[in-house]
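Asks: Kindly generate the complete structure, drawing on both the sequences and the hints.
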Amino acid sequence: MQLPEIKDTYYEDVEVGDEIPEISIGPLSHTQFLFIASSHHDWYPGHHDVEYAREQGLPDIFMNATWQHALFQRVLCAWAGPNAIPRRIKYRMGKPIVRFDIVKARGVVTGKRIEKDECLVDLDIWLDKQDVDKVTKGSATVVLPSKG
Amino acid sequence: MTEIKTETDPSGLVYVIGTEEEGMSWIGKESTPVEEPYAIEIRLIEHFAEGIEDPNPLYWSDEYAQQTRWASRIAPWGVIVLCKEHKVWRPEWMEDSGGQDTFFCSTPLPGNKLLATDYEVECYVPLKPGDNVFINEKIIDIKPKTFSLGEGHHITVENYFRNQNGDLCIKDSRTVFRYR
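Listed in order, the protein sequences are those of chains B and A. So the first sequence is numbered by this note's numbering: it starts at 3 and just counts up by one. So the second sequence is numbered by this note's numbering: it starts at 3 and just counts up by one.
To be clear, the hints were calculated from the coordinates, so they are not data collected in a lab. Careful: at least some of the hints might be erroneous.
Claimed, not checked - For each label pair, taking beta carbons as the anchor points, the in silico distance ranges come out as:
#	chain 1	residue 1	chain 2	residue 2	range
1	A	Gly30	B	Asp135	33 to 41 Å
2	B	Glu53	A	Lys89	19 to 27 Å
3	B	Glu53	A	Ala41	34 to 42 Å
4	A	Glu48	B	Ser31	15 to 23 Å
C-beta: ideal position from N, C-alpha, C; glycine also.
Replies: If you want it as C-alpha cells, here you go:
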C-alpha cells in the first residue's frame, strides 16, 4: 500500500480569485441513497421512498443536508490538506439532489485575513448538477497552516 | 392539565401540534446536554467517508494521520449523526430511552412535515476516536413562511457538541421548514 504524501496548502500561497480543484460524485444510485439514509440514521422517507417524495411534490428522493455538508468538507479538505481545519461551512439548499444526478463541488477564494493568530481564508462554495448550476450555494472559512 | 396533541409522520417522527403563538413562546428555549449513546469510532469515520466517497487518508490511515498536527485520525463533522441511536426497531421489553426529541418536532406548531433548508457549521476542536459527544440545542428563531410545498414556519435551532472534557467542538445552526 502506498500512502499519499502529505500535501498542505499554505496561507501565503493562496490568492483571492483562486479556484480550488473541483470534485465530482455520481451518477447517484438508489443504493447510495439507501446507504446514506441508513448510515446517517436519517429515515425521513423523502430520502429513500420514491413514491413518498413524489407525493410531497418533489421530483424524486433527495440527498440530505449532512451529505451535502460532507461533500463541501471533502472538497475543502482535499484542497487545504490534512493540517487545515474547515472552521465554518454555511449553505442554503435550493433544488434537490436526486437519483442519477452527477454532482460537482466547487469553490473560489474570496478573501484572506489573520485573526487571533489564525490564518483564515474565505471562499464561496457551491454544488453544480449535470443540468443546473449552484443547486446549493454558500460560503466557508478555512484555517490554513502558515510558512511563518 | 392541557393535553398535548401530537401527529406522527411516515418516518416515525412525532410532532407536537400547536398554534403559532405557542411556538413563538419557545424562542430562546435551551435543552440540557445529553450524552450521545455511541462514542466516536474509527469504523464510524470510515463508514461516513464511504458514503461520500472521500479518499482523504486522514480518515482511513492511522499511519498517515500520525504525521499530521492531529496525531490521530479525526472525524469529519457529519460523523456526529452516527453517534445517535437508530431506533427503527427495539425489543418490546426494552425501555424507550427517548433521546430523539428535537426542538424541530417538540415545538408546538401547526406543521407535521420537515424540510431542511439552511445549515451553518462551525468546527473548533476536531472529534477523535474514543471521544464521547454531548449535545444540547437552543431555539434561535421561528418565522412564518409559505413555499410551494405548503404553509409553515422556518425554525432555526443551534446545536452545541462538546467532548468529554467540555470543549465546544462543533456548533451548528440548522433552519428547517416545518409545514403542513
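Asks: A separate judgement is required for each hint: does it hold in the structure or not?
Replies: Against the structure, the hints:
For the hinted restraint 33 to 41 Å between A/Gly30 and B/Asp135, the CB-CB distance of approximately 38 Å keeps it satisfied. The given range of 19 to 27 Å is respected by B/Glu53 and A/Lys89, whose C-beta atoms sit roughly 23 Å from each other. With their beta carbons about 37 Å apart, B/Glu53 and A/Ala41 fall inside the hinted range of 34 to 42 Å. Roughly 20 Å separates the CB atoms of A/Glu48 and B/Ser31, a value that falls within the hinted 15 to 23 Å.
Violated hints: none; the structure is consistent with every hint.
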